[in-house]
Amino acid sequence: MARMKFLCDAERCIECNGCVTACKNVNEVPWGVNRRRVVTLNDGVPGEKSISVACMHCSDAPCMAVCPVDCFYKTPEGVVLHDKDLCIGCGYCFYACPFGAPQFPQDGAFGLRGKMDKCTFCAGGPEKDGSAEEFAKYGQNRLAEGKLPACAEMCSTKALLGGDADVVADIFRERVVARGKGVELWGWATAYGKPEAAKPAAPAAAKGDK
Amino acid sequence: MMRARGIVATAVAAALLAACGDKGVVVYKQGEYQGKPDTAPWNNAAPQGNPQVTPWQQGNRESWEQSIKVRTQQGQNEYVRLKNK
Chain Z
1 MARMKFLCDA ERCIECNGCV TACKNVNEVP WGVNRRRVVT LNDGVPGEKS ISVACMHCSD
61 APCMAVCPVD CFYKTPEGVV LHDKDLCIGC GYCFYACPFG APQFPQDGAF GLRGKMDKCT
121 FCAGGPEKDG SAEEFAKYGQ NRLAEGKLPA CAEMCSTKAL LGGDADVVAD IFRERVVARG
181 KGVELWGWAT AYGKPEAAKP AAPAAAKGDK
Chain D
1 MMRARGIVAT AVAAALLAAC GDKGVVVYKQ GEYQGKPDTA PWNNAAPQGN PQVTPWQQGN
61 RESWEQSIKV RTQQGQNEYV RLKNK
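From first to last, the protein sequence lines stand for chains Z and D. The numbering of the first sequence is this note's numbering, which starts it at 1 and goes up by one. The numbering of the second sequence is this note's numbering, which starts it at 1 and goes up by one.
Honestly, the hints are just simulated from the structure, not real lab data. It is possible that part of the hints are untrue.
What the hints assert, rightly or not - If we take Cβ atoms under 8 angstroms as the criterion, some of the chain D residues that face chain Z in the derived model are: (1) G35; (2) V53; (3) T72; (4) N77.
To be verified - Here chain D is said to cover these stretches of chain Z; the calculated rule only asks that three of the stretch's residues, wherever they fall, bring their Cβ under 8 angstroms from a Cβ of chain D: (5) 67–76; (6) 81–91; (7) 116–127.
Glycine included, each C-beta is placed from N, C-alpha and C at the ideal position.
Generate the whole structure from the sequences, applying the supplied hints.
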């Protein structure tokens with residue numbers, strides 16, 4: 001069963017902002033809203049790293065947990081989406097998200113921010129697929145056209161990978177083996193859980209052993 | 001005459017009061033998605049004439065997933081393209 005995930009390879013990202021531009025262009029994201037952005041760590045210092053950040057479509061999404069009107073849902077392929085007709089613009093999701101993904105069209109207090117907007121993994125939203133309503137509210141539904149998110153497909157160095165988790169992990173693994181370094185996965189554990197969390201807990205009797 | 005007036009008055013009162021009645025109330029269930037249903041991508045027809053999209057069988061999730069996997073490998077793994085040259 002496919003599960004859609006993003007992976008940003010920090011060894012390859014050159015901070016070109018092509019992913020940001022592709023997202024803006026394909027989805028006609030309004031001025032002031034950035035569904036995706038590039039963050040540079042240790043900017044200007046030798047060895048700086050850049051990563052492209054957007055909604056990671058978390059396995060256990062905190063935005064879904066805190067939404068007071070339950071406007072979020074997860075599709076069978078693992079994409080976290082929301083119904084803008086239900087959103088009240090409270091901003092709870094923004095505070096809960098570890099990636100700062102939820103965006104609002106206006107500044108201001110509760111009730112003045114407008115409907116929340118975020119990356120949809122180019123999967124549209126709860127409107128008729130490919131309709132004008134869906135495009136106006138959520139942007140292009142590329143998954144329904146058999147395509148993948150524009151940001152990942154547009155990435156010039158293929159630093160940003162987006163697609164089925166198994167395939168994305170295979171591509172990254174092949175790269176790491178080929179180059180022999182750069183195994184770090186920024187945000188992966190936060191969004192999709194740490195590998196050690198899946199391991200069974202140590203037996204209780206072992207705790208007392210010295 | 002009085003009886004007819006009474007019937008008319010009762011009918012008018014009933015019509016006016018009907019507007020005060022509750023219409024289908026949506027019961028909010030906390031923790032459950034309350035919005036509109038969405039269509040799964042595999043329920044759409046595959047686009048024709050696009051060599052980068054492997055056609056899938058409409059309504060068949062597995063064939064859509066296979067199409068997406070092929071596109072991910074071919075579009076985002078340059079090692080595959082280098083090997084094929």
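Comparing the hints with the structure gives:
1. G35: holds (3 angstroms)
2. V53: holds (4 angstroms)
3. T72: holds (3 angstroms)
4. N77: Check passed: Cβ of D:N77 comes within 5 angstroms of chain Z, closer than 8 angstroms.
5. 67–76: holds (count 7)
6. 81–91: Answer holds; 5 residues pass the 8 angstroms Cβ test.
7. 116–127: Result for this restraint: holds, n = 5.
Checked against the numbered hints given earlier, this structure breaks none of them.
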